[in-house]
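Novice: Listed here are the chains, written in short residue letters.
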Amino acid sequence: MADLSCKIAGIDSLNPFWLASAPPTDKKYNVVRAFEAGWGGVVWKTLGIDPPVVNVSSRYGAHHDQNRRLLGINNIELISDRPLATNLQEIRECRKEYPDHVIIGSMMAPIEERAWKDLAQQIAESGVHGLELNLGCPHGMCERGMGSAIGQVPEMVEQVTRWVKDAVDIPVFTKLTPNITNILWSAEAALKGGADAVSLINTVNSIVSVDIDNMIPEPVVDGKGTHGGYCGSAVKPIALNMVAEIARTPETRDLEISGIGGITTWKDAVEFMALGSNAVQVCTAAMIYGFRVVDDLIDGMSQWMDDKGYTSVEQFTRAAVPQVSDWNELNMNFDTKAVINPDNCIECGRCHIACEDTSHQAITMTDKPEGGRLFEVVDEECVGCNLCYHICPVPDCITMEPVKTDKPPMTWPEHPLNPMRVAAE
Amino acid sequence: MTTLQAKQASKSGAVHGGAGHNNADDGFSDLHPAYSTLQAMAESNRCLYCYDAPCVTACPTSIDIPSFIRKISTGNPDGAAKTILSANIMGGTCARACPTEVLCEEACVRNVAEDTAVEIGSLQRYAVDHLMARDLPHPFKRAPKTGKTIAVVGAGPAGLSCAHRAAMLGHDVVVFEAKPKPGGLNEYGLAAYKMTNDFAQREVEFLLGIGGIEIEYNKALGKDINLADLKAKYDAVFVGVGLGSTNDLGLKGEDFPGVDDAINFIEKLRQTEPKSDMPVGNNVIVIGGGNTAIDAAVQAKRLGAEEVTLVYRRGAENMSATEFEQDLAKTNGVVVRYWAKPVAIKANGKLMGMEFEKTELDASGKLVGTGETFEVRADQILKAIGQKIKTDDLAGMEITGGKIVVDKNYQTTAPGVFAGGDCIKSGEDLTVQSVEDGKQAAIAIDAFLKSA
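Going down the list, the protein sequences come from chains A and B.
With my numbering, the residue at position 130 of the first sequence is 464, and numbering never jumps.
With my numbering, the residue at position 302 of the second sequence is 312, and numbering never jumps.
No lab work stands behind these hints, which were simulated from the structure alone.
A portion of the hints provided could be inaccurate.
Keeping only pairs whose Cα atoms sit at most 20 Å apart, straight-line, the calculated SDA-like set for lysine to any residue is [to be verified]:
| # | chain 1 | residue 1 | chain 2 | residue 2 |
| --- | --- | --- | --- | --- |
| 1 | A | Lys642 | A | Val655 |
| 2 | A | Lys702 | B | Asp62 |
| 3 | B | Lys241 | B | Val415 |
| 4 | A | Lys702 | B | Ala68 |
| 5 | B | Lys418 | B | Glu438 |
| 6 | A | Lys362 | A | Gln456 |
| 7 | A | Lys702 | B | Thr67 |
| 8 | B | Lys151 | B | Ala97 |
| 9 | B | Lys356 | B | Asp258 |
| 10 | A | Lys702 | B | Val66 |
| 11 | B | Lys351 | B | Met362 |
| 12 | B | Lys243 | B | Leu261 |
| 13 | A | Lys702 | A | Ile674 |
| 14 | B | Lys233 | B | Ile399 |
| 15 | B | Lys233 | B | Thr401 |
| 16 | A | Lys702 | B | Lys351 |
| 17 | A | Lys702 | B | Tyr61 |
| 18 | B | Lys368 | B | Leu261 |
If you're wondering where the values come from, they're calculated on a predicted model, not measured in any experiment.
Work out the full structure, taking the sequences as your base and the hints as a guide.
Specialist: Next up, the structure:
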């Protein structure tokens with residue numbers, strides 16, 4: 335079994351799988367169960383200044399597919415609603431009982447220097463390995479000037495990070511909100527403020543569904559609803575892009591990254607790490623299935639590493655970053671065509687109708703002499719868009735085969751049809 | 011048994027064990043229990059929503075199956091029901107009684123790689139039952155009245171389907187039914203465990219909700235009414251009388267007490283409540299290889315017959331009963347004997363049994379007796395060797411090969427007289443085919459009346 339141990343912001347972890355700051359890390363009982371299940375670390379549910387907040391009922395909305403599988407959850411729960419002293423005492427106990435496991439203290443305060451520094455010092459004294467600054471919560475707390483209200487202003491991100499860095503001597507993770515126009519601005523601000531790492535993404539601002547019998551956004555709290563933070567596998571693509579942008583941009587690429595956003599399977603985790611994450615955080619998958627999901631995260635990643643010959647996670651961390659490029663750097667002379675394997679085809683016709691109605695009329699449907707239907711790609715019409723490949727219900731029935739070409743690579747800036755082309759000297 | 015059959019067999023649960031008559035449910039509860047919402051959700055999501063789907067082609071009524079299943083999956087079961095009923099107004103019966111394993115479900119692309127079709131029949135029942143359970147107006151509207159009136163003979167699947175579609179097209183319809191209740195074989199011929207809770211009657215009531223259809227009961231063609239009068243009085247006539255007679259064995263003693271047609275046995279059982287009041291023999295022989303033979307054998311067993319022997323003159327692969335039906339017989343404890351034909355009815359004051367001769371194919375492929383005989387004791391013999399048309403009521407129409415001759419527009423050789431269902435040669439003698447015949451005949455009659 336491959337060695338999954340990793341290091342992020344100078345903190346050693348048994349494995350790259352931490353539970354994100356959220357209901358699953360609200361108290362010692364849960365955290366003990368998580369460590370026993372195999373999680374390498376937890377980011378404790380966000381701590382604030384007493385008196386504790388009060389939460390509402392209900393708190394979660396859901397985006398289901400038609401088979402009631404959860405694609406995403408949105409929540410309107412606030413930060414920890416327990417006294418600070420209680421949380422800190424439990425953190426101390428967990429640190430003592432599980433010395434090999436990582437505990438990061440998540441924190442949030444109004445935009446006041448003293449508030450951030452005092453709280454940071456109190457939490458640091460409990461023995462946490464590091465602090466995570468919650469600058470992302472897009473609901474409730476932002477109406478009090480906290481969470482995303484800070485995270486959406488790069489100058490505040492820098493300021494808060496610097497305050498905390500000045501106040502403590504343990505690693506500081508600045509957690510970024512995706513509810514901004516450009517993630518690089520807040521990432522750069524965190525770097526300037528001295529962050530040891532950034533954690534991203536926090537939840538995406540959302541209304542997840544509407545009760546159409548009563549015309550109320552969900553979750554419903556006594557006849558009203560509000561926007562909440564969206565998470566789960568549906569947000570993974572948004573998170574992956576933001577992680578990759580930070581990892582590949584020269585101004586931010588030195589930041590270490592704790593990747594978050596819909597990580598559900600070991601493969602998701604590998605993807606986050608390949609695009610720049612040094613470790614990952616998980617929440618929704620555990621909320622849907624329980625802490626036991628870590629078993630497959632560990633086993634699947636380890637199995638894959640063995641198959642690929644990786645002996646440490648560092649060997650594939652950021653391995654895909656060099657291949658992330660701007661559109662203008664793509665080779666316009668590359669061509670690929672769909673190939674349908676008739677032996678695997680179950681004749682559902684979905685590729686045909688998708689291409690016929692919405693794409694390039696490149697898949698024909700004809701009756702076979704022996705009965706049944708034959709689906710064939712018209713190479714002259716196929717632009718290699720991948721649509722049929724993605725919608726085909728059968729694995730390995732449709733493949734995309736690159737076309738052999740003698741043409742040298744050519745980008746759009748070099749392309750003869752580009753009116754803005756810079757003429758070759 | 012294939013995976014598909016095993017799955018379908020297991021679906022029927024406790025009543026499928028052959029000891030049905032010992033169960034608290036009397037052995038005649040649903041062969042395939044209705045889906046729960048969870049089952050409908052899970053199964054509807056197995057459908058791939060094929061384009062130009064093979065299941066639609068395989069359905070004699072061409073129900074848009076992918077569309078109705080998608081509607082179930084999106085939480086629109088009543089819309090799904092309307093999709094079904096617009097193609098097949100008896101979609102509720104067909105969902106229960108169709109041999110889906112040789113129709114839509116056999117064509118399902120899920121069979122190709124997984125050997126397990128989407129359970130289209132169960133999903134169809136879920137949708138139609140959902141709609142019928144609600145107190146909603148009839149889902150279809152009638153076109154403006156044409157002023158024409160059509161006579162329909164027979165309130166079975168063909169006749170009622172024709173009546174419904176004709177009413178939709180704006181015509182008024184009078185249905186003449188020989189029996190005291192409507193539904194035809196849905197009411198009198200299908201096995202009780204396929205049509206629970208008086209479904210045939212509930213479906214007719216629903217169908218009549220369109221309006222413009224009147225039914226006169228106890229009016230038999232050739233006895234109470236005749237074609238010439240109907241032709242004279244109505245603008246068009248549709249004949250959907252089914253097959254009113256049965257084949258004989260041609261043996262001495264066929265009228266002996268205890269010897270009966272399987273369809274009579276099923277008809278009596280269907281009209282008996284509670285089912286335990288239905289008399290049945292201790293040792294029952296059923297002759298035949300079709301679904302009626304299976305229905306009779308299984309129901310005899312469930313009524314409490316100690317031994318039921320189904321005898322068929324050829325092999326299992328020659329039976330017209332589907333593999334699922336054949337397995338149903340076996341799992342209900344019916345003893346099936348192939349390659350034997352009845353040669354004598356044994357009686358000694360009372361029915362004693364039957365003598366059979368073993369059969370085989372000769373060099374030319376012809377079925378012949380081997381000369382070797384055996385006896386099976388019986389106090390009840392049920393014949394299920396096929397039905398035939400009752401010609402004497404059908405004067406004026408050409409009949410060939412035991413079926414009323416019709417053209418491609420379902421018109422008989424008598425101008426203005428149309429026919430459909432089991433009494434014509436269209437597809438298989440199935441409810442679903444009769445519904446299609448009735449629907450298409452109504453469309454043809456509409457064109458005929460407009461051109462007249």
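Novice: Going through the earlier hints one by one, which of them does the structure break, listed in rising order?
Specialist: Hints 12 and 16 contradicted; others consistent.
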